[in-house]
Amino acid sequence: MKLRILLADDHELIRRGLCALLQKHEGWEVCGEASDGRQTIEMARQLKPDVVIVDIGMPHLNGLDTTRQLLQHDPNFKVIVLTITDSDQVIREALDAGARGFVLKSDAARDLVAAVEALQNKRMFFTPRVNDLVLAGFLEKGHAISRNEAPDLPTLTAREREVTQLLAEGKSSKEVAVLLNLSTKTVETHRSNIMRKLNLHSIRDLVVYAIKNNIIQIQVPELRGTRESTVA
Amino acid sequence: MAVRILLVDDHPIVRQGLRTLLEGRSGWEVVGEASDGIEALDKVETLQPDVVVLDVTMPGMNGLEACRLIQQKRKTSGLEVLFVTQHDSPQMMREALDAGARGYVVKSNAAHDLLEAVEAVSQHRVFTALARSPHA
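Chains F and H, in that order, are what the protein sequence lines are.
Numbering-wise, my numbering puts 98 at position 6 of the first sequence, and it's gapless, one number per residue.
Numbering-wise, my numbering puts 55 at position 69 of the second sequence, and it's gapless, one number per residue.
This is chain F alone, in the form it adopts within the complex (with noise of 0.2 angstroms):
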């Protein structure tokens, strides 16, 4: 029987691309593309892949939040985690919401089969930074990782996180209702939940603990290469 993978990137360039790759290996189906994390988890509820393939950075429900609302349904999703950055928090949250695999997007042409095999194999697959921290956390403290940086995410409910995503995302109560079928009413009083457990007075306040807790990822590309550019 094959191997039943879900995909869910938001850009569909890069789903092609890791879909040819995917189906390049024997044994190996694609059942199915989400393109932001709400997707994600209807489709997974429905089709009931071996694998589930999750970027981080998708609109609406970020992947770490996916993850962690996937496996709160069903504990047995195998989750890979895709992501464009390898920092020690990103990586202690995609472990905490629990993935069983990490891998970078710039390297995913040479680790994503490798991180689906190992899944299917019963095993975990991180890169060697996961490994060094896990390594380093579980010397230092005895644990798996330490935890002296972890973000104050705890004091938000999945509910809270969700809404958070979505105002930081620019869209507006009334917008926030529809998506997740509530009030507007029932919105306005998460949104002021929020802002009192959080300690944050605005709109801009809450991107910025949006960004900085990796619920929402801003990418600024920056230009490599032998001439700069006045547009970084």
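Worth flagging that the hints you see were computed from the coordinates, not collected in a lab.
Errors might be hidden in some of the hints.
Away from chain H, derived, C-beta distances all over 10 angstroms, residues of chain F [to be verified]: (1) 95; (2) 119; (3) 120; (4) 166; (5) 182; (6) 188; (7) 206; (8) 213; (9) 216; (10) 272; (11) 281; (12) 290; (13) 297; (14) 309.
Computed from the model, here is a short list of chain H residues facing chain F with C-beta under 8 angstroms [unchecked claim]: (15) -2; (16) 2; (17) 7; (18) 94.
For every residue, glycine included, the Cβ atom is placed at its ideal position computed from N, Cα and C.
For this one, chain F is given, so just place chain H on it according to the hints.
Positioned in the frame of chain F, the structure of chain H alone reads:
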């Protein structure tokens, strides 16, 4: 008309995605791939493509610099450059066109815009489309 295409991007997954989008089109052929500007210049020389699909941000030599150098070769061939980039900015688009590119597409919209863009630039027509305000 047959169109020979060279793909230039430092991320193999992006090159694979571009290849997948382009390969379905009858008469178009992806003749090669390069992962930076220097390799692109070499392959332009050896493979003689009609269209170079070029990323802006790359190590070694970035796409703008490569485009300027490709333009020097263009004087003796029908070669055209189409940028496919994550820079969703009018300033960068202007820089790309100033560097001699005939087309500019944003990666987040590439699945939608790429075929039309390649068709246009291969016929020496301009195609530019930012993510939120497409216009050909």
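Let me know if the C-beta of residue 2 of chain H comes in closer than 8 angstroms to any C-beta of chain F, holds or violated.
4 angstroms, holds
Can we trust that residue 95 of chain F is non-interface, i.e. its beta-carbon lies farther than 10 angstroms from all of chain H?
At roughly 20 angstroms from the nearest Cβ of chain H, residue 95 of chain F sits farther out than 10 angstroms, so the non-interface label holds.
Least C-beta distance between residue 272 of chain F and chain H, which was stated to exceed 10 angstroms:
24 angstroms, holds
Verify this label for me: residue 166 of chain F is non-interface relative to chain H, using a Cβ-Cβ cutoff of 10 angstroms.
28 angstroms, holds
If we take the beta carbon of residue 281 of chain F, is the closest beta carbon in chain H still more than 10 angstroms away?
32 angstroms, holds
Taking the shortest Cβ-to-Cβ distance between residue 297 of chain F and chain H, state whether it exceeds 10 angstroms.
Non-interface label on residue 297 of chain F holds, nearest chain H Cβ at 26 angstroms vs cutoff 10 angstroms.
Should the label of residue 309 of chain F as a non-interface residue stand, given a Cβ cut-off of 10 angstroms to chain H?
Given a closest Cβ separation of 13 angstroms, the condition holds.
Minimum beta-carbon distance criterion (8 angstroms), residue 94 of chain H to chain F:
At about 6 angstroms, which falls below the 8 angstroms cut-off, the nearest Cβ of chain F leaves the hint on residue 94 of chain H intact, so it holds.
Decide, holds or violated, for the assertion that all CB atoms of chain H are farther than 10 angstroms from the CB of residue 216 of chain F.
22 angstroms, holds
Non-interface claim for residue 182 of chain F: all C-beta distances to chain H beyond 10 angstroms?
19 angstroms, holds
Say whether it holds or is violated: residue 290 of chain F keeps its Cβ farther than 10 angstroms from all Cβ of chain H.
30 angstroms, holds
Status of the stated non-contact between residue 213 of chain F and chain H (beta carbon gap over 10 angstroms)
With a cut-off of 10 angstroms, residue 213 of chain F remains clear of chain H, as the shortest Cβ separation is near 23 angstroms.
Checked against the numbered hints listed earlier, the structure breaks none of them; every hint is satisfied.
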